[in-house]
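Protein chains: 2
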Amino acid sequence: MSTERIRHAGLRNKIMTAEQAAEFIQNGMTLGITGFTGAGYPKALPTAIANKAKAEHAANRPFSVGVITGASTAPECDGMLAEAGAIHFRSPFQSDPTLRNNINAGNIHYQDMHLSHVEQQMRQGFYGKFDVAIIEASGITEDGKIIPAMGIGHANEVLKVADKIIIEVNTEQNAKLEGMHDIAFDIGVPPHRKPIPIVGTFDRIGSPYLECDLDKIVAIVLTHAGDRNSKFAEPDEMSKRIAEQIIDFFSHEVKAGRLPKNLLPLQSGVGNVANAVLAGLQDAPFDDLEGYTEVLQDGMLDLILSKKMKYASATALSFSPDALQRFNDNIDFLRDKIILRPMEYTNSPEVVRRLGVIGMNAMIEADIYGNVNSTHIMGTKMMNGIGGSGDFTRNGFFSMFVSPSVAKGGAISCIVPMVSHHDHTEHDVMFIITEQGMADLRGKSPRQRAELLINNCAHPDYRDMLRDYYDRANKAGGLHTPHLLMEALSWHQRFVETGDMRIK
Amino acid sequence: MSTERIRHAGLRNKIMTAEQAAEFIQNGMTLGITGFTGAGYPKALPTAIANKAKAEHAANRPFSVGVITGASTAPECDGMLAEAGAIHFRSPFQSDPTLRNNINAGNIHYQDMHLSHVEQQMRQGFYGKFDVAIIEASGITEDGKIIPAMGIGHANEVLKVADKIIIEVNTEQNAKLEGMHDIAFDIGVPPHRKPIPIVGTFDRIGSPYLECDLDKIVAIVLTHAGDRNSKFAEPDEMSKRIAEQIIDFFSHEVKAGRLPKNLLPLQSGVGNVANAVLAGLQDAPFDDLEGYTEVLQDGMLDLILSKKMKYASATALSFSPDALQRFNDNIDFLRDKIILRPMEYTNSPEVVRRLGVIGMNAMIEADIYGNVNSTHIMGTKMMNGIGGSGDFTRNGFFSMFVSPSVAKGGAISCIVPMVSHHDHTEHDVMFIITEQGMADLRGKSPRQRAELLINNCAHPDYRDMLRDYYDRANKAGGLHTPHLLMEALSWHQRFVETGDMRIK
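Going down the list, the protein sequences come from chains A and B.
Just so we're aligned: 263 in the UniProt record's numbering is position 263 of the first sequence, and the numbers increase by one with no gaps anywhere.
Just so we're aligned: 404 in the UniProt record's numbering is position 404 of the second sequence, and the numbers increase by one with no gaps anywhere.
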């Protein structure tokens, strides 16, 4: 395998196999592993560590590590490690089925965190000592600076706090990624922090390279493997109706003078519906759009390629295989239109609020008072995690949550009397949008919100049930936020017992 | 009554009675009324408006207004207006019993908002048009600049957005307040916002005066009445034990190198327990403390007077009668140690996070997974509101919630299986402290949190009940966050039915 991506001669001496590098990982360690929504995760080390764990377990020796990533990774990282029983603690976000099952079974302690909190809490010592950083790079410069790959996440911080560093240089990643990143100075630890000088979406405030103490680099592993490039579903009728409503609403707000003609920087959560909303903007009457988001997916890439969007800032690129091809084919055009930053900057409350980012995220369910559940199925099962949705929801100019009004063929209503887990409260959520309609919750009391959510957003099959709940809660003496405490979560219980929230 | 506080000759011509000024208020208007936690609210206009409302109602004419304040006011403001049925919408915070009862009865629509969101949402037009601003001042300068009184809150913004302005000049307020305020430039509307240049607690970034278009001033009313200066309870044994634990924890974190020796800027919520924590710092081994808080109460005042605290920034001064006397007696000493700012600055996520504010707030209840209810009694009754607790909890260096472990003589546990209303989620809450002990939730999974909260924080009378709930939720197939959906809120229901959360 060619070593030309490692331009620093001295560091070439540190090249070894993943198995050799895995010898630096010991039982009980805390690892900072890069990876953000299927981009930028190490491709070889996790398997080597998983194999080491299995061998240790076979020899009746304990072996497990704590793993703090940027966000989700992929089966060959989180999946392998979880399957080998090699993880005892995991944060801040995940989406791998094997890992998820182990978290839900109580085998792995998982802390579900706001992504904007991760780097500062690492720096502040809230996670204790970091033993080893394992990061993916697309190359190393002559002077030992690291060129990130398709995602940055917490890479900047993990290089600083870890005692030892292992770098995977992935030659599959496009060499022209060099220069697209913007790695700013450390935000620092209070009381010595300064304002983050980003005042426009595309402001560059740092260098294109990650830097670290080269003496901490103990191993370099060469890989040649793609990211987890999953296909998106084609936007369906449901997603298109959601997108249409958002676009109509934007037009309305532009007309009312509350939004500039080119809107405000767009953030879009991960997934098919969010992607469909961006796809819908392709034909919408807004130009010169900007993106300030966490993960840049197909929808936003295509807005840039079609010149509807001027530029976008993100911490990771997460494309379908087709979109990845379009990205690589057009990388010369895209190089000055996409910036990749550490997640402490993309998700920064300071910057998100200053820029007035429009936050659009998917949800599992909302309740009639506007609280949103983004993480738990039926109150107890962790799905993925809150990710950056809280960062954008709390601080965005608009905070929008989208979902089809029903799931599982109608057996689940996404508008419920009370959400079974609260990730975003009534204080933060401004808009709920389903294919049925939109609820604008700004300046509304709980009772007004209930009317809007039941009438505008709930599926017709559930409207009478919701209204009945609300009316009975009112009559039973429900006060500011009417609820029937013993019935508030009964829809979820009914689903658990019968497979349907509807009363048969 | 002397008019010397109105140094602008032309504005003296606008002096009139409250009754005359109330004629500017018409049915259906939206009013911005200053007032923040019993300081800075108008003393005369509300009664005049309430009397007008009563007269209109007696004549069978509708009369009600929307009222957006800084935070809570007092009986002679919120109380009078609510009693007269003169309010149809109210935001963002309140604590008056009559107003609260009307909110809970559904007579008044109340939106319970993060205080840091209020000014920007007014500016962005999310509340629609503001008709009249009613603000309290301690004087007016020769060139028509307004000297605020003991609280600022949203005064800066309300003067800008309202069509007409009514100023109450309160001669009871100390004339030496002039110069203590710091009214910064408007933060602005995206995409034209800049960083807020506060990098130290005591940085002055604006002028000591509020400014407005003088042509908008339609009336000036002279008043001579004190603020709502309520007595604090003397710190009891319970509060002292809570304070001791926080202080021990600070010592521990200083020793671990995670906190500077003089800690980080302190924020303290309103109320007796929060006040007791500050009182406890009087004898703690920390000097040169700083405060960056929303409301400065007796405890923080006394830390400044004893020179344990160097200086503090707040948006309002809310003192007991005795503390007010100490404040006025020492105002020459205090003038360069206290800054009063608009609440958009004191509660700013950007500044709170940058400075690393230690947020300490009271709660109604927490659940075994670390979610916190700050607003609702038994799930449906609004108490006061979230106020700034969310601003400091989400963005602070530490986020702490304090409460005695039981209330109502033991009939209510403040640690419950599931909170009956969610204001601060598991993603935001780092520490729960009762007189029983402390739970450090950093880096902990829900299951680990449950152990800590049950063992360390719950009252012994409730530990077995909580453990029983948790164990059964686990056995019943509870996954990442074990819950029994039909039992999660049963403790609250039991209290509603029997007056006791304990099973008799």
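Hints may contain errors.
What the hints assert, rightly or not - Below, computed lysine to aspartate or glutamate pairings styled on EDC-like, alpha-carbon distance capped at 20 Å:
id, chain 1, residue 1, chain 2, residue 2
1, B, K475, A, E83
2, A, K381, B, E487
3, B, K381, A, E487
4, A, K129, B, E487
5, A, K231, A, D186
6, A, K381, B, E253
7, B, K194, A, D203
8, B, K381, A, D500
9, B, K381, A, E451
10, B, K54, B, E23
As the list claims (entries may be wrong) - To give a feel for the contact side, a few chain B residues facing chain A, derived at Cβ under 8 Å:
id, residue
11, N104
12, G179
13, K194
14, P197
15, S251
16, V254
17, Y311
Said to hold, decoys possible - Covered stretches of chain A (chain B as the covering partner; in silico rule of three or more C-beta atoms under 8 Å from a C-beta of chain B):
id, stretch
18, 28 to 42
19, 204 to 217
20, 256 to 262
21, 342 to 356
22, 397 to 411
23, 489 to 497
FYI, nobody ran anything at the bench for these hints, they're computed from the structure.
Cβ coordinates follow ideal geometry from the N, Cα and C atoms, glycine included.
How the hints compare with the structure:
no.	hint	result
1	B/K475 <-> A/E83	violated, 23 Å
2	A/K381 <-> B/E487	holds, 17 Å
3	B/K381 <-> A/E487	holds, 17 Å
4	A/K129 <-> B/E487	violated, 40 Å
5	A/K231 <-> A/D186	violated, 35 Å
6	A/K381 <-> B/E253	violated, 34 Å
7	B/K194 <-> A/D203	holds, 13 Å
8	B/K381 <-> A/D500	violated, 31 Å
9	B/K381 <-> A/E451	holds, 19 Å
10	B/K54 <-> B/E23	holds, 14 Å
11	N104	holds, 4 Å
12	G179	violated, 25 Å
13	K194	holds, 6 Å
14	P197	holds, 7 Å
15	S251	violated, 16 Å
16	V254	violated, 12 Å
17	Y311	violated, 13 Å
18	28 to 42	violated (count 0)
19	204 to 217	violated (count 0)
20	256 to 262	holds (count 4)
21	342 to 356	holds (count 6)
22	397 to 411	violated (count 1)
23	489 to 497	holds (count 5)
Violated hints for the displayed structure, listed by number in ascending order: 1, 4, 5, 6, 8, 12, 15, 16, 17, 18, 19, 22.
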